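Number of protein chains: 2
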Amino acid sequence: MLSKKAKYAIKALLALADHGREEPMRIADLARKEQIPAKFLELILLGLRNQGMLQSRKGKGGGYLLARDPADIYLGQIVRMFDGPLAPVPCASQTAYVPCADCRNEAVCGVHLAMKEVRDATAKVLDGTSLASLRTQVEHASDLSSPTR
Amino acid sequence: MLSKKAKYAIKALLALADHGREEPMRIADLARKEQIPAKFLELILLGLRNQGMLQSRKGKGGGYLLARDPADIYLGQIVRMFDGPLAPVPCASQTAYVPCADCRNEAVCGVHLAMKEVRDATAKVLDGTSLASLRTQVEHASDLSSPTR
DNA sequence: TATTTATTCTATCAACTTGATAGGGTATAT
DNA sequence: ATATACCCTATCAAGTTGATAGAATAAATA
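These protein sequence lines map, in sequence, to chains A and B. The numbering used here numbers the first residue of the first sequence as 5 and each following residue consecutively. The numbering used here numbers the first residue of the second sequence as 5 and each following residue consecutively.
Be aware that a few hints might be false.
You can't tell identical chains apart in this list, so a pair holds if it fits in one copy or across any two.
Said to hold, decoys possible - The calculated lysine to aspartate or glutamate pairs, modelled on EDC-like cross-linking and capped at a C-alpha distance of 16 Å, are:
#: 1; residue 1: K37; residue 2: D106
#: 2; residue 1: K8; residue 2: E38
#: 3; residue 1: K8; residue 2: D106
None of these hints come from the bench; they were simulated from the model. Note that this is a predicted model, so its numbers are computed, not measured.
Working from the sequences, and respecting the hints, build out all of it.
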């Protein structure tokens, strides 16, 4: 399951990508736009900033803005940050491998084998999708759902 | 994350597939073989039986055995049974769709779009892997890791 | 038929995680 | 100065997870 934190983070970052990197956006505005509890969002944005994904400005006219180009921010990084490794089991993780205590031989473990496939499939999607490409996809999808003519 | 229940279930079912469908296997033996707390495994096997994946026999010479051919038992069914839908968010689930309360328009939601891809990728793996095919994979993998000559 | 064997079922628990809120601290623009 | 808006830490209720306990039930067999 994707946590609310990760979900809110993606939504907020997408909104910031839409907003552009010229001027910052306030927590309160982001919260209202994306229907996220403001105080909770505050925590999330703080985390994203400490990870270097966001920049912030204090005081009047302040707020948050993307620290990098939307094409260089991948969903994989966001999800890992809030929900940990993508792999369903630690022994199948590429970025945070931990062996199972109860596993004698990983090479002969069906769970390991299958979950490694799941992790690879998930990583392919999330590490292959940037904020920029996701925006494009959304745009294309909305074209299809409400055509101009 | 895969729950321990789902993980133990897969391991137990694999062991039962190895064991063959001629005679049943006792909880205690399964627990020892797979390093699973016996009382906990008991609960899991009971669930699998109530789902029709296992058959049981009481009394002496009793135990559990697969109710179906290993080629007809898919990881997707097992995982869904213990951990719920494969999709990271309910609005991306095929088998248990629930819309997000905070989502105005699903067609324009980046989270929805991306997570639908993740769920499809996961489902492709888990609904495409049966106990039988997983056994084959494990066999092949162990051939590679410890060759005969 | 008494007894052993092994599953069935329900209840309970501690530990942990999650989603969320509260409230004061700090930097900045005007 | 002062209003604005982010920064940071603490705290909390509710839910979930992994696990254990113990008695009830069914089946084989001596």
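(message) Of all the hints numbered above, which does this structure not satisfy? Sort the numbers upward.
(response) Violated: none.
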